[in-house]
Structures are given as structure tokens and as C-alpha cells.
Amino acid sequence: MPPSTVTATETVTKTLVENHTIVETSTATVTATATRIVLVDALGRSIVLEKPAERIVTLAPSITEDVCSLGLCSRIVGLDSYSKTVEGVPSNATVVGGYWNPSPEKIAALHPDLVLACSGVPYQERMAPQLEQLGIRVFFLRCDRARDLNDIYWDLRAVATLLGRPEAADKVIEGMRERVARLEEALANMTRPSVALLVYLQKNGAWVAGGGTFQDTLVNLAGGTNVFHSLHGWQMVGYEEILSKNPDYIVVTGMSPADYNRTIALFESTPLKNARAFREGHVCVLYGEAANRLNRPSPGVVDAAYLLAHLLHPDKVEAPAGLAESYHCLGQSG
Amino acid sequence: MGSPRVFPWLGAALALLFLASLSVGPAGVYNPLDPGGWGLILRLRLLRSLLALGVGAALGAAGALMQYSVSNPLASPSILGVSPGALLASVLVLLAWDGAPLPGLPLLAGTLGGFAAYLASAGLAARLGFTRAGLVLAGLAVSSLLSGLSSMLVMLAEARLGMPAAMVLLGSFAYAVPGDVYTALGAAAAAALLGAALARGLDAVSYGDEAAAAMGYSPARVRLAASLAAAALTSVCVYAAGLIGFVGLVAPNAARLLAGGHPSRSIPGSLLLGAATALSADLAGRLLALAMGLGEVPAGLITSSVGGAFLAYMLLRGGLEEG
Chain A
19 MPPSTVTATE TVTKTLVENH TIVETSTATV TATATRIVLV DALGRSIVLE
69 KPAERIVTLA PSITEDVCSL GLCSRIVGLD SYSKTVEGVP SNATVVGGYW
119 NPSPEKIAAL HPDLVLACSG VPYQERMAPQ LEQLGIRVFF LRCDRARDLN
169 DIYWDLRAVA TLLGRPEAAD KVIEGMRERV ARLEEALANM TRPSVALLVY
219 LQKNGAWVAG GGTFQDTLVN LAGGTNVFHS LHGWQMVGYE EILSKNPDYI
269 VVTGMSPADY NRTIALFEST PLKNARAFRE GHVCVLYGEA ANRLNRPSPG
319 VVDAAYLLAH LLHPDKVEAP AGLAESYHCL GQSG
Chain B
7 MGSPRVFPWL GAALALLFLA SLSVGPAGVY NPLDPGGWGL ILRLRLLRSL
57 LALGVGAALG AAGALMQYSV SNPLASPSIL GVSPGALLAS VLVLLAWDGA
107 PLPGLPLLAG TLGGFAAYLA SAGLAARLGF TRAGLVLAGL AVSSLLSGLS
157 SMLVMLAEAR LGMPAAMVLL GSFAYAVPGD VYTALGAAAA AALLGAALAR
207 GLDAVSYGDE AAAAMGYSPA RVRLAASLAA AALTSVCVYA AGLIGFVGLV
257 APNAARLLAG GHPSRSIPGS LLLGAATALS ADLAGRLLAL AMGLGEVPAG
307 LITSSVGGAF LAYMLLRGGL EEG
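Order-wise, the sequence lines are chains A and B. Position 54 of the first sequence, counted from 1, bears residue number 72 in our numbering, the numbering being contiguous throughout. Position 302 of the second sequence, counted from 1, bears residue number 308 in our numbering, the numbering being contiguous throughout.
Chain B on its own, in the form it takes in the complex:
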């Protein structure tokens, strides 16, 4: 099993990825350590790398919080429909306020929408006995319902009301502006704090509800806090970069393997691995763009395809019956 000694390695890997991410892009290869190369392009790459870092970290932590709160290794924002739920609620608010809602309102609505989607999926899964397959199927039902609805609303908002095409269904880090970057980095910081605050409670819950109660924790409250935190973090990420799927599935599982199963280690591990996953996906998209002479290849495409393969692996490894 994993050990805490893995953290320096994770940090170093992340730093290397970050440096690589400053060097490579559709416009070519630049040396980020050469002051002569500091210019417009490096500024763009710095912003998008920071955005990927923040969004990835927040999604990684959100995935870990979710998995502990329902004690299921397949729980993650994209599988439980949290991201499309958040998107749907934000678009609804945009439509209701004719494209100009109060600042912060789409974010709030997104958090609530994401949480509602989470409750719907978890509730449905509970009826199915909360197996791995049950959770995935319940999530599939909820997310395809919400994805369809939110896509329709986005189309309506763009075509009928002539609303600016602000909502992008497929997540990408390429079009980062400072506002989004601050939001994402704020989310990452909040994720770190929330993870630290909730780790002991979640650990207690993992021994079963009675044991948790004996240790002085209310299992219901711990679960509620963790899932609300996860929904809020996911919603902020959707707001900042669009739908980036599966980071919240891959990172927590890899983190448990590398850093150990205790929440106080696996949540920060998942945060770092989430950041690394998002950065790698963005980097892969850029390498693809560079190699094939394309414009921008959205990171959301890369995470979806890699994440889908990972999900298949998890299902095969875990079997259908395991809880």
C-alpha cells in the first residue's frame, strides 16, 4: 500500500508537468526558463496551466470526498451527474435573468443543481443496493437526463435569445482568463481546507455508522458536509472551465493506491493527482494540436476517453457484486 513518502514525489512530478506545460503548445516549443521567450504566449500558457491545476485539484478532492461520503470507489462528479446538474442550474439562472444575473448567482445555483443531481443519483443507487454497477447505472440515468436538458437549454439560450455563446459544453483550459484562474485556484485552496477539516470524520464513518457515532461523529452530518462540499467544488469547476469529466474518478482511486487509504492522506493525494491528471490531459491535447497542426484540442475530450477506459478497468477489477 501507499505511504506518505509519496507526497514529495507527487509534488515533483507536478512541478515537472507544470514546466512542460509552459513549454509546449500549438504555437510550438518555447523555453520557459529563457527570459527572452517571456511574452504573450507564456502568459497564455501560464494562465491555462494554472486553470488546469486549480480545476484538477478541486475535482480530485471533490471525487475523494464523494467516494468517502457514499463509501463507493466509483462515485465521482461526472458519473453521478453533478457536473451536468451544475451546468443546467447555471444556464437556468442565466435564462431567467436574461443573461445578466447577479454575480455569484450562477455559481450558487450551480452548487445547488449539482447537489440535487448528486442526491438523485445516490438515492436511485440506494434503491439498487448501492453496488458499483448500481451506482454507475443510476448516475448514467441522471447524467444523461441532465446533459440532454442542459444542452437543449444552451442551444435555446444561444439561438432564440441571442445570448452570447458563453456556455461551452466541452471543457477546455485553452481559453483561460484571469477571473477563471482565480476562481479555480480559490476552489483548489478551499478543497485543501475542506479535505483537512473533513478527513477525520470521513475516516470515522469508514468504520461504519455505529463506530463513527461512538467516536463522537454524526455519520449523517459528515456525509452531508462532504457531499455538499464536493458538489460546490464541482460546480465551481464547471463554471471556470466547462465539463472536465472523470478527473474525480481517476485521481481518488490512484491516490488510495499511492498514498494510502486514510482520508487524511488520500484526500490531499487525490488533490495533487487530480491537478496532475488535468495538467496531463491539457498537455496531451496541446501535443496533439502541435503534432497534427490543429487549433486547440479540448482537455475534456482527453479526460473523457482516458476516464472511460479507467471506468471499464474499475468495473472489471471490482466485479459487479462488490459494494
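This is chain A alone, in the form it adopts within the complex:
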């Protein structure tokens, strides 16, 4: 049964408006009388908290990372299974199920005063009215529907506000903005190689990041152009389409170092072996932390932008410390 459906057109039009205004108008909706917090979530619903949330459940790794980047990790009592490996989460936090199939009763058993959910995930949206019936507040972040850095800033501000520490978000966002500005400065007036970002490579094609995804923004930020910018959101494309776009670089995200060998083997055994990027050694596989930073709309995306920039412009930008072990390019030593 559809929940109240006033919502998302607003989000869409808002994000279409130029960036700065969004952040400003969004923060303007925060009205704090004494400690009472009223905030409109990514689905356009008004959420009221009597006081900052102390016991929270996070339902996506990007949300968990948002919370931890604000230094508020210790308030997490429950999380989705992917979030378990996020650095700093309390070891006694309970896994309440997967990102796709969270269990409402596991969440209810924790008696949280706030659940931070990810908009666009069907079962999370279905679960919200159910938890609200039990008096548990659910706030939807833009999360995987983030289109650019401003949406990620919006999520950070919302989380910080709900947890009663708005100034923590300012600090994190300030840090992100500074690093972004330095990156843009370093890459000013550089040529912009074309990039295909394959978020998931399969035997018969790949899921690529198109326009309207935060990864599209990251490619731009890294001094490249996304060859699939004209597609909307994440889309599945065939090898032909990748070949016809003739990208200078192909960046693939996998899970583990083994995915590098799997990827190269796939390239060799399919028409992708004719791709110019493959012949020129410009195929890079990101795994582990590097893949997480690129695929999770949280403060870590800035590291992902630096890493992409390093791949595209190695003489201009250094790879971020800590990510050196979690990617491999064809051109590098075989």
C-alpha cells in the first residue's frame, strides 16, 4: 500500500535548482524551539524530535559513515549488515538485517529514538509507517539518491541537526569544501579525459553511473568527463555501448583484489578487449576501501575524487593516503 505520496517531486525540483540555494533553503526548514527539532526529510515528510536522538539505527553504510564522520558513532545501537565494517561503529551494535531487507522487529527490539533510512529503497520506505505506528521516528536521507556533493552536505546537516550537533556538520562540510577547492585548483585548465565508470561489471555488460548520480559529479571533479552522462541514474549497458563511447579511461569497482584478475579476464574474453582504454593500459579496478569511498554518498567521496583525479592526472594529484592498496590499473607493472 503506497505511503503518503506528496513527496519526491519536491526533492527533484529542489535539486534541479542551482546548488547553493538548496543547502541554504534546506537548513532554513530547521526550526528549533528549545530542544525540539522539526525537520523535513528526503521524502518530504515532517519529522519531529522532542530532543536530540541518543539511540539511533542506521540503514545504509553511507549513513553510518555520515554519523561517524560527525564523531557521533557511539549513538548507533543498530545498523544494516554492510555498515558493520565501517570504522568506529560500536562493536555491540546490532545488525538489523540487510540494506534491502531490514527487519522491523529487530529494530523495534532496540527501542531506538531515531531510525536513519535511505530514500529509494523499497522495503525501507514500506517499513517506515510500520515503525511510526510503534512510536519510532524514521527520517529518510537523500542517501543513494544523492545527485551531487550538495545532497551529501544536506544529509550531513540533517543528521547533525537530528543528533543535536549542527556545528559538527559545518566542520565536516568545511573540510570537504576546502579539499574540493584545492582539487579544482590543481586541475584548472587541464584537458579532461573521458571516463566510463562501471560500478558493476557482469558477463554480458555493466552497470554504469550515468548523469544525476553523485559519481557523475565525482568524475567531473576529478578532471574527467563521464561518457555516460546522458544516461539517467545507474543503468545497465552492453559492451557495444561501452566500446562506441570510446572512453580514455575505464574505472571498474569490485569487492576484493581478486576482482582485478576477474575484470581483466572478462576484458580479454569479450569484445571489451578492443576498447582503446584497455589497449592503452587505462583500465583501473577499485576494490575494498577505494570502492566504498566511490560508491557511498558520504564524506569519503572526496577521497574518491582525489583517487580518480590521480588516475586521470597522475602528475598533478597524489592518491589519498590509505587507498594505495585498494586499486590496481592495467598500466601499472602489468
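None of these hints come from the bench; they were simulated from the model. What you were told as hints is all true, and nothing was included just to trick you.
Label pairs and their calculated CB-CB ranges:
1. A:Arg-210 <-> B:Leu-162: 27 to 35 angstroms
2. A:Asn-207 <-> B:Leu-155: 46 to 54 angstroms
3. B:Ala-195 <-> A:Pro-289: 57 to 65 angstroms
4. A:Gly-299 <-> B:Ser-157: 36 to 44 angstroms
5. B:Met-161 <-> A:Pro-275: 32 to 40 angstroms
6. B:Met-298 <-> A:Pro-275: 26 to 34 angstroms
7. A:Ala-339 <-> B:Pro-41: 56 to 64 angstroms
8. A:Pro-332 <-> B:Met-298: 43 to 51 angstroms
9. B:Pro-14 <-> A:Glu-150: 39 to 47 angstroms
Just so you know, even glycine gets a beta-carbon here, dropped at the ideal spot from N, CA and C.
Add chain B to chain A, keeping to what the hints say.
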């Protein structure tokens, strides 16, 4: 063959299943008879159990009505494409009204969509001579067409229009809210009434059209009423819990075996067995979640796999030629 004495047993089994369903879940085992354990979790489990009960009962009855109306033991909402048809029509209405249609409109559209799918499958099957295999093949064609279309529309609605992800393709009882539960229980009550009202007519039709006419029934009208009722019940279930396949196939066949072939016994039997099937599927999903430390395992997954095996058994048992 079956006997009416089976009903108390069915009722008792259902009560036991219901009690088990209050006790077990991903959050662990609770004693539902201990007032200390009454809390948030029991409320969640009560809602989902009632939803499973209502949806299962309505689907069981819908399956029985369908099988009598086309005189074919393989007719059922999921095989004839009724559920995806209902889903497709509801999504179309949601899209046409920008996500905010008048209340009740998606339900109405779903009923009509489900009925249209039913007509398409039955019509196609009639051209194939209405054998068991013919019915399954016709249903396969119609349901895969409609499933594909409805999945695409759901994707479009979610991605392009930023519509909330309200439509879940794989049915689950885990995310029950009171509104859905009332809808499903209403459907179950309606199923019981419709079954009682149509039982004699359907029985008459089962002796052949001429005999039915001699008994004072119009076979065409009885069939139309039964199939419309089945489509409406199925559509309500899709609306309340998503696609829960094969309950409408398993329950009526088991009911004929246990309660006897007369519609006045097998329709209520199918209703009870449908409820038991849906509850068991949900319970199995929860046990799986508990044992493997997962979140929620959708009941639709369980009914599909068990139902698929049942379908294979029915096909083998009946042979291809039998009507």
C-alpha cells in the same frame, strides 16, 4: 476422499500456526502467552500474521473460484497472470495521477487489470483446447508479458518521477501496517461470503452447462461472477502485500483432497488452507532469517519455490492430455 470432519482439524492447525507465528521472528523467540513479552515486537508479529492470514485466505478462495469457473485444477491467480495484471493496472493509475490517485482507484484498476489478464489467459488457453498444459502455457505467456511491463513501469515510476518506492514486486508480510491488515481481513471475509454465495452455482456448472441450465443456473453468469470475484480478491491481495505466488494453486488442490470436491466444502477448505499456506510461508521465512541471521526473508520467495515444485507435481500427476 475428504470429509467435513476435517474442518475442526484445519481450524486447530491454523490456530497453532498463528501462535507459532507470534512466537518466532528475526528478533528471536518470545512467549506470546507471557504478558511480560507483550510489546512492540508482538504488535509487529500480530499485524504480519493477520496480514498473512487475510491474504492467504483470500488467495486460497480466489484460486478455488478460478478453478471451478474454468473447470481446470491448474487455474490460479499466479499462473493466469492475474497478479501481475493487477499490479500493472495499479501502477498505471499511480503514474497517471502523479502518485496521488483518488483512494480506491488503484484497487479498482487492479481488479479490472487482473480480470483482463485472466480473460487473456483463459482465451488463449481455450484456443489451445483448455488442457492443463495449454492453460499453464497460456498463463506463462500472459504473466511474463505483464510482469515485464509492470516491472518496467515500477522502475520508471521510481527513477524518473522520483515516486516513492511503494510498489514492491516481491510479496512480503513483514512490513504490515494496520491499513493493509484491515484490507486483507476484509478481503478474507468477502472471500468467505462470495464462496458461500457462489458454491451452489459452481457445483451445478461442474455437471456440465446443460445440466446447470436445467438446474436453473446460467453457466456463463456463474463463471463470470466467480472469475470477477477471484480477480477482485487477488487484486486486493496484491495491493495489501505484493505478489505472493502459488497460494491459489496449492490451497484449492489440497482442499479438494482433504475436504472433498463439492464447492461448498472445498471453497471454505481452500480458504483455510490458503491462510495456513501463507502463514507457513511467512513462518518459514522468519525461521530462515532467525537461523541465518538475516533481516527479512520475503514470504513470496518461499511460496514461489514451494509452489513451483507443486506445479511440477500436478503436471506429472495429471499428464498433459487431461483437461
